[in-house]
Amino acid sequence: MHKTFAISLVSAMLGFAGGPTAASAADMVFTSWGGTTQDAQKQNWADAFTSTTGTNVTQDGPTDYGKLKAMVESKNVAWDVVDVEGDYAVQAGNAGLLEKLDFSVIDKSKLDPRFVTDYSVGSFYYSFVIGCNKDAVSACPQTWADLFDTAKFPGKRTFYKWSAPGVIEAALLSDGVPADKLYPLDLDRAFKKLDTIKSDIVWWDSGAQSQQLLASAEAPFGSFWNGRLTALSQTGVSVETSWTNNITAADALVVPKGTKNKDEAMKFIAAATSDKAQAGFATTTGYAPINLDSPQLMDAELRKTLPDQKAETQVNADMGYWAAHRDKIGTRWYAWQAK
Amino acid sequence: MVLSATTEGERGSVRRDRKFGYIVPALLLITFFFVIPVLMLLMRSVLEPAPGLQNYRELLGSTTYLRVFLNTFTVAGLVTLIAVVIGFPVAWLLAIMPERWSRLILAIVILSMWTNLLARTYAWMVLLQRTGVVNKILINLGITDKPLALVNNLVGVTIGMTYIMLPFVILPLIGVLKSIDPAILRAAALCGANKRQSFMRVLLPLALPGIASGALMVFVMSLGYYVTPALLGGTSNMMLAELVAQFVQSLVNWGMGGAAALVLLLVTLALYAIQLKFLNPDRAR
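The listed protein sequences correspond, in order, to chains A and B.
Take the first sequence: its position 333, counted from the start at 1, is 333 in the numbering used here, and no numbers get skipped.
Basically the numbering used here = 1-based index in the second sequence + 339.
Quick caveat, the hints were computed from the structure, so don't treat them as lab data.
Heads up, none of these hints are tricks.
Looking from chain B toward chain A, a few residues come up when the C-beta cut is under 8 Å (computed): (1) Val407; (2) Met577; (3) Gln588.
Cβ coordinates follow ideal geometry from the N, Cα and C atoms, glycine included.
Working from the sequences, and respecting the hints, build out all of it.
Structure below.
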């Protein structure tokens, strides 16, 4: 998700945020991660919002936490609503970088309470699942333990490169930690487990790259965002998805502190989290809606493939724990990777 | 005499002042959009999270980060060396070829620079991967029976970056090589030098200023490279720019990011100073 960096660095430092600045009263800027996900957000949320309210929504991206912080600090906020990772939303809210959401505009009674805080609501939620290219191997790993077993499943496997909920949990589950005993995370144990497969890991740093690695069988299996596998199988790649102990995490919608379009931002979030907008987005992407009324608006067959239907062995990443330990885990994670 | 000398001097300084005037816009641009932002970034490295040098202590005291520095120099050095070795013959050929042909080849060299960097890097990724074209050819030719690991490691970064850096060696070299009078090489041959001797003792020393400036440019550019190492390298050959990206973007730790950037800047400036001192093209010529 953090792919485009090179050019944004200096501008981010100064708060010369790229993209549109000082949107006029009937304009606002929505920033997300680009790719097929943002296309779906534009189509299902922004375009619908514009046609009902007349407010133009400019798309910008990718989301960049350094840039967001620079904007808030320099009081030159060019982004009105931003799609961020759930643990970051909690941390940034506590750090004073976000506006409190106006729940008189946003109806939180219909939203999945797991993803609602004072500063954020869910954007969509996804699962890290085990994906496998069936054409490339004779047998597919079914559990995290399989994915960490290089004797039974030799070859490269791919994992998300950036420090975020998902891989550490998978390592602990594969090492036999029960799903309800994951937190607080035993980092020593997780890294020890990860050491055993380190030379066989190819990291993906964007959703598009994960699809490329799997489709080309450069890494015939690994841990993926479920929606990317749905999209890949629609292009004709024979993908097998194992939902055993799928690990959920959510993206969140937030409003950077000091935005000039606060009212529009709140209205946009209200519209984006409405039952219809969420159902449309889920239908396009294969990610799950965070509005509790959305599922009944969706096609029954499609519903079965969404993370919210795979609840039996599901593991919810603890966003509160991650928010509190994000920096510590991140520093250790990158140091371990560089070893 | 005295009078005319003074007038001469004044005229000279007036001319110099006028020349200086023309560079003011460029200076202002650089000051406001480069020098000041960089200074602000560097300030953060000693002010965040608390005033002091703890960021530098952490950066230079950890084996992990020192390994990143080492990786950065290894990659930059390898890329520079290979780019010079491959680029020199190309530049020489371009310098001595009939203009009609050299223009065509030069256009190809330059055209590669105009293609989007990300597109070129992704192309290498596809070519070099386990199931990619390069490995398929090698296997079909019987050179290897198992696919070689050509990407997500040092090999991938070196190939991808050498390719990107080649024009920066070739272009300055052409100029220097063209300025060498072919009669000198003939003279060397007449004096009994064989091909190797006339290359090692005549052509190479004369081309050295061009090689040095091309090599230094490539080395310095490679030190700060981000996109190609991030896509073609593995995490265990992480380079400095990737480390800065992690600090700034993922960990939102600008103190450490600024410290890493300052170290990179100092190394670059030191190299530039070395070039000015020892490889001054004017003096060498």
